[in-house]
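The residues making up each chain are set out below.
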Amino acid sequence: MTTLLSASNVSRAFGGVQALNLCSLEVEKGSITGLIGPNGSGKTTLFNVMTGYVKPDSGTVTFNGEDITNARPDVVFARGIGRTFQLTRIFAQMSVLENMLVATQHDEGWLRGLTRSKSSPLEVDNAMEWLEFVGIARLADLQAGSLSYGQRKLLELAYVLVADPDVILLDEPAGGVNLTLINQIADKIRTLNAQGKTFLIVEHNMEFVMNLCDSVTVMHQGTDLVSGLPAEVRANPMVLDAYLGGGDDDEAPEEVVHA
Amino acid sequence: MLQKKNLWWVVALAAFVAFPLLQKNPSYQTIGVWTLLYMACAASWNMFSGYSGYIALGSGVFFGSGAYTMALISVHAHMAPGAAMFWLVPVAGVVATAIAVPFGWISLRVRRHTFVVITIAFFFIFQNAASNLSFTGGTSGLQLPFITWGVSYFDLPFYYVALGLVIFVTILSALVRRSRFGLQLLAIRDDEDRALGLGVKVQAVKITGFAMSAFTIGMAGAVYAMFLGQVYPAGSGFAFDPLFDLSIAMMSFFGGLGTLAGPLIGALILESAQQYLTVNYSNGSLYLILLGGLFLIVFMVMPQGIVVAIRDRVSKRAQREKAAVADNELLTAGAAK
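So the protein sequences, as listed, match chains U and P.
Heads up: the first sequence at position 45 corresponds to 79 in the working numbering, and the numbers run straight through without jumps.
Heads up: the second sequence at position 330 corresponds to 496 in the working numbering, and the numbers run straight through without jumps.
Next up, chain U with everything else stripped away, as it sits in the complex:
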């Protein structure tokens, strides 16, 4: 196993709040890695640092052995790191299909966008395939803003997938979604993982994490507390302490990307 994506000793403060404090995380190539921890433990901030939305005060992020610490989000995405957001973010006034097309061709120059049509038949086919994969192809022509919450989650997953990233960071894919859909999403993740995609998943639903993940890292007060196999982590008394006796709930901001 080789490390595909890693953060080492990353720190980041927002005002007086130390959201990340020498936090390290390794994501093995081909794995499904879970990232859990109490509210405010810094999971989303770590996501934001790894995808270029937030610059760390110190520490490094590497992808495929290359330093991407201060790369912009569009560069990070073009390198092959896709992500979803805890609160789904879609392009509400565009059609579902147009949402998908935004994410294709991430690696072409901006000038080329002027001279080419917004989609080639190939890109539309590809986009429709992914919509089919997550099960919302019949909604392709609808305005994305009219989708239900669960459908938005699926759309967000689909338009990250359409760009064919190597690793996909999912921020609470099962949050606020009904049980049937949770199982569907878990199935999709397994299918994609079998095809070679690597996943890093932040999730509060323990059932979901423990069943799905090969390895789990627990975060607490801005740093990584324990990493290991799901069963080991579950049995670790420190983890129980962090969840039950933590006392740092909601101290650090979870959502730091300003709309």
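To be clear, the hints were calculated from the coordinates, so they are not data collected in a lab.
Where hints are given, some of them may not hold.
Here are the simulated distance ranges between beta carbons [stated by the list, open to error]:
hint : chain 1 : residue 1 : chain 2 : residue 2 : range
1    : U       : ASP175    : P       : LEU460    : 33 to 41 Å
2    : U       : VAL158    : P       : GLN309    : 52 to 60 Å
3    : U       : GLN177    : P       : GLU487    : 20 to 28 Å
4    : U       : GLY50     : P       : ALA439    : 34 to 42 Å
5    : P       : SER481    : U       : ALA269    : 56 to 64 Å
6    : U       : ALA269    : P       : ARG344    : 51 to 59 Å
7    : U       : LEU176    : P       : PHE290    : 40 to 48 Å
8    : U       : ASP175    : P       : GLN470    : 42 to 50 Å
Where a beta carbon is used, it is the ideal one built from N, C-alpha and C, also for glycine.
Starting from the known structure of chain U, fit chain P onto it as the hints suggest.
For chain P alone, kept in the frame of chain U given last:
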């Protein structure tokens, strides 16, 4: 459906081409020139601000720079008054675009209200510069080479050049809407950070859009200066007019922000109404009172503008008709049983 839509464009174009041939009254032809210039500006403004959601209120910079480009070159090159001066129109567009690049590079780092305020600040910097620099003639402005075309003929060249600008910007705007670039502008309007995270080079896209919208507005400014025969930084015959930006923004909102036809329709109605009232009642404040009232009514009844309101009505009617047909089929099926 699509063909029917295209037919409307053809009919509108034919009407605009025919207007000055049928309406020989020079004062109405003049209204036509102003209206077309505002249509071009509103459509060009909408191509960036309407698509991207970045409401710029400093496009008067491009209009004024275009007007001054026409004035400065024609005066200093001692151009013979006449149609040859129209060659300066695209030059003015290029100058406006060149100004838009650093303007956008600075102002497009911020969003929403801050962006609006910065664009207004830029506008006043340019207005002040035009008033105070010596080569722009200061507050007394510049007199362009005096064109001596006959009264019955004078408006026509300006009218058709302005119509050309409208056609140009409408086609450009339609092409942008169909391009990947246009898709990226729309994505920026909906959620810029998300677009960035999906690989859209947002800063480059925004600056490009901003500069493209400056091009036609600069050309319109040049036609305006040539038509008036003089430019002043502020006052009557002003090149840098703060109301210019409010007007083209309002025209776009009124017609339908972010739509292709909306700004054209908005400018057609508002500018021709303003000019008509001014010509016939020569009372500027009457126009403002009527305009204020009109805006209140429009924004209460159809806040998304005329085009969107009509489109919604048409699609609702189509749905109702479909439903009615389905109901009828059910009824006949029921009756057959």
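So, going through the hints one by one against the coordinates:
1. Checked against the hint of 33 to 41 Å, the pair ASP175 of chain U and LEU460 of chain P passes, with Cβ atoms roughly 35 Å apart.
2. Under the hint 52 to 60 Å, the C-beta atoms of VAL158 of chain U and GLN309 of chain P, about 57 Å apart, fit the expected range.
3. For the pair GLN177 of chain U and GLU487 of chain P, the beta carbons lie near 22 Å from each other, so the given range of 20 to 28 Å is met.
4. A hinted range of 34 to 42 Å is violated for the C-beta pair GLY50 of chain U and ALA439 of chain P, which are about 57 Å apart.
5. Hint check: SER481 of chain P to ALA269 of chain U, Cβ distance near 59 Å, so the stated range 56 to 64 Å holds.
6. Judged by the Cβ atoms, the range 51 to 59 Å given for ALA269 of chain U and ARG344 of chain P holds: they are separated by roughly 58 Å.
7. Taken as a hint, the range 40 to 48 Å holds for the pair LEU176 of chain U and PHE290 of chain P, whose Cβ atoms sit roughly 44 Å apart.
8. Checked against the hint of 42 to 50 Å, the pair ASP175 of chain U and GLN470 of chain P fails, with Cβ atoms roughly 20 Å apart.
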